[in-house]
Amino acid sequence: MCQDCGCGDVNIVPVDVHEKILAKNDSVAAHNRSHLRGAGVLCVNLMGSPGAGKTAVLEATARAASSALAIGAIAGDLATDNDARRLKAAGIEAMPVNTGSMCHLDADLVHRALHHFDLKDLDLLVIENVGNLVCPAVYDLGQALNVVALAVTEGEDKPLKYPTMFAKADLVLLTKTDLLPHLPNVRLEAVHDAISRVMPRPRIIQFSANDGTGVELWLDWLQANRPVAEVLV
Amino acid sequence: MHEYSVIQSLVDSVEAQVAQHPGAAVKRLRVSIGELSGVDTTLLASAYEVFRGGTICEGALLEIVPVRARWTCKNCGREIPKGEVLRCQPCDAEAKLAGGDEIILDQVELEVQ
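Protein sequences, first through last, are from chains A and B.
Our numbering numbers the first residue of the first sequence as 1 and each following residue consecutively.
Our numbering numbers the first residue of the second sequence as 1001 and each following residue consecutively.
If you're looking for bench data, these hints aren't it; they were derived computationally from the structure.
Misleading hints may appear alongside valid ones.
[Unchecked claim] Derived CB-CB ranges, DEER-like:
1. B:Val-1065 - A:Leu-119: 37 to 43 Å
2. B:Leu-1043 - A:Gly-38: 34 to 40 Å
3. A:Asn-98 - B:Leu-1043: 21 to 27 Å
4. A:Ala-70 - B:Pro-1066: 43 to 49 Å
5. B:Ala-1016 - A:Pro-184: 55 to 61 Å
6. A:Leu-119 - B:Leu-1061: 44 to 50 Å
7. B:Ala-1016 - A:Gly-40: 31 to 37 Å
8. B:Lys-1074 - A:Gly-40: 29 to 35 Å
9. A:Asp-211 - B:Ala-1019: 55 to 61 Å
[As the list claims (entries may be wrong)] Calculated cross-link-like contacts (lysine-lysine; reagent style DSBU-like; alpha-carbon spacing at most 30 Å):
10. B:Lys-1096 - A:Lys-168
11. A:Lys-161 - A:Lys-20
12. A:Lys-20 - B:Lys-1096
[As the list claims (entries may be wrong)] Partial list, computed: chain A residues near chain B (C-beta under 7 Å):
13. Val-10
14. Ile-12
15. Pro-14
16. Val-15
17. Val-17
18. His-18
19. Ile-21
20. Ser-34
21. Ser-66
22. Cys-103
23. Cys-135
24. Thr-164
25. Arg-201
For each residue, glycine too, the CB sits at the ideal point set by N, CA and C.
Given the sequences, and given the hints that come with them, work out the whole structure.
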């Protein structure tokens, strides 16, 4: 009630907040990041459309890296553990996370999945996000780097249609390049041009899991970005 | 559609604010949503209408302030228009996002008895 005159009016009080709505998620993500960095593990959030070739990228990575890189993966999907089974068969320690109807992974799901890994045994942890070119970009998971897998079959202007994810990307893996001879309407220079209009520091590796194109460049990029493990006192 | 998850987090944030003002009713919320935040303002408004029933926000209007994406040169600060290559040609410097990725609860209006 109005305190000034006793008229019976209620008081409307504006409270300035200015807080991130996803602050709780960001706080769990910071916790994840701290654990991963402390263990010297490079954590990559691998995003892209369904069918962009994310799982195939990881299979090719494991084949090429062999024992040079101990790889773990959190495989996010709405349903099935098919991707996790493929990754395990490729020698990757993989943990499936089914999100049900949720279109993205969040930091808490990743946090719980992290408990299934012995981080000291890993060099690289890839979070294979739910196949979706919109929602996963919204949630920080605690990754060090964002990588977007974009298949040449998706067309030249896909980055222009989905700018948010590319604006946050550190690297684009342009996948399925072995199919280019069959795609007369897809010009690589047009794809690069589209990426340069939505990604401030465009870094693109042309990649084919089938013929091995770009795998060495990708491995070099991963090695160059590995953190130095904190010295335990 | 992650807008439902965002609304869930929004309601949690509002609950935390109201906890500091016992007995207050929430009448209005104002949020800022950036063009490059990944959140669709129309879907967010729909999700809020579906979700607010039975929560502390049941009687509260949601005002959504859209914020356009602004890319500027890291060096000279010149704005780089939407659709252009995100590089300042005169400076040969990359662009940075100067605004447009926010998902922020700006203000809560409370009715205090």
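Q: Against the structure, test the hints numbered earlier, and report the numbers of the ones violated in rising order.
A: Structure breaks hints 20 and 21.
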